[in-house]
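Could you put the whole structure together from the sequences, leaning on the hints where they help?
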Amino acid sequence: GIQVEQSPPDLILQEGANSTLRCNFSDSVNNLQWFHQNPWGQLINLFYIPSGTKQNGRLSATTVATERYSLLYISSSQTTDSGVYFCAVKVNQAGTALIFGKGTTLSVSS
Amino acid sequence: DSGVTQTPKHLITATGQRVTLRCSPRSGDLSVYWYQQSLDQGLQFLIHYYNGEERAKGNILERFSAQQFPDLHSELNLSSLELGDSALYFCASSVGKNTGELFFGEGSRLTVL
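The listed protein sequences derive, respectively, from chains A and B. Heads up: the first sequence runs through residues 1 to 110, numbered per the working numbering. Heads up: the second sequence runs through residues 1001 to 1113, numbered per the working numbering.
Every clue listed holds true.
From the derived model, a few chain A residues whose C-beta atoms are all more than 10 Å from chain B: (1) Pro8; (2) Leu11; (3) Leu13; (4) Ser19; (5) Ser26; (6) Asp27; (7) Pro39; (8) Val64; (9) Glu67; (10) Tyr73; (11) Ser76; (12) Thr80; (13) Ser82; (14) Leu106; (15) Val108.
Partner residues aside, some chain B positions facing chain A, computed with beta carbon under 7 Å: (16) Gly1042; (17) Leu1043; (18) Phe1045; (19) His1048; (20) Ala1056; (21) Thr1099; (22) Glu1106; (23) Gly1107.
None of these hints come from the bench; they were simulated from the model. No experiment lies behind these values; they were computed from the predicted model shown. Beta carbons: idealized from backbone N, C-alpha and C, even for Gly.
Okay, structure coming up:
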């Protein structure tokens, strides 16, 4: 099955810093999503981005499908950005589902 | 609010018991997915239903079963519970059969004592 690797596994930042999270995947995909799991356990959709670039406020994401990676950029981080960031992908094949990476745990301190 | 509703939010039960988790997908979504999140296994796909029919199975134990009803809500049944079944169980929904963005509910936290 498809492999999804996220890096770094852990990230500690001061408020106001910028960061880049990476997701590598081993096969062609028709779905790639970034999620933020907050301290209460909720999985919040950040981006649906099988290819291209999107921006939403302080967050942006880029997926280079031909090179099988995606990047999530967080600028001017805030303490509320803390939590776990997951990348999840799905191959273009019937009978498959969204497969998650192990996540990047982000801690932002004031 | 993702529009996906899961009940109950928390559940505490004993080993050997059986529980049922319920999920109502977003309006218009025909696909329902179940995932299990435990500390040591991460987020694991369990099963996918589309418009009432099973589409894919992941790492679902034989003690677990699921179904999707004509009104498109889904239930995940967990039986002969073991301590290791303690986890956060998520339901997600999407419009399509094979593509499209998934939206997750808030999860049902199961504790087996």
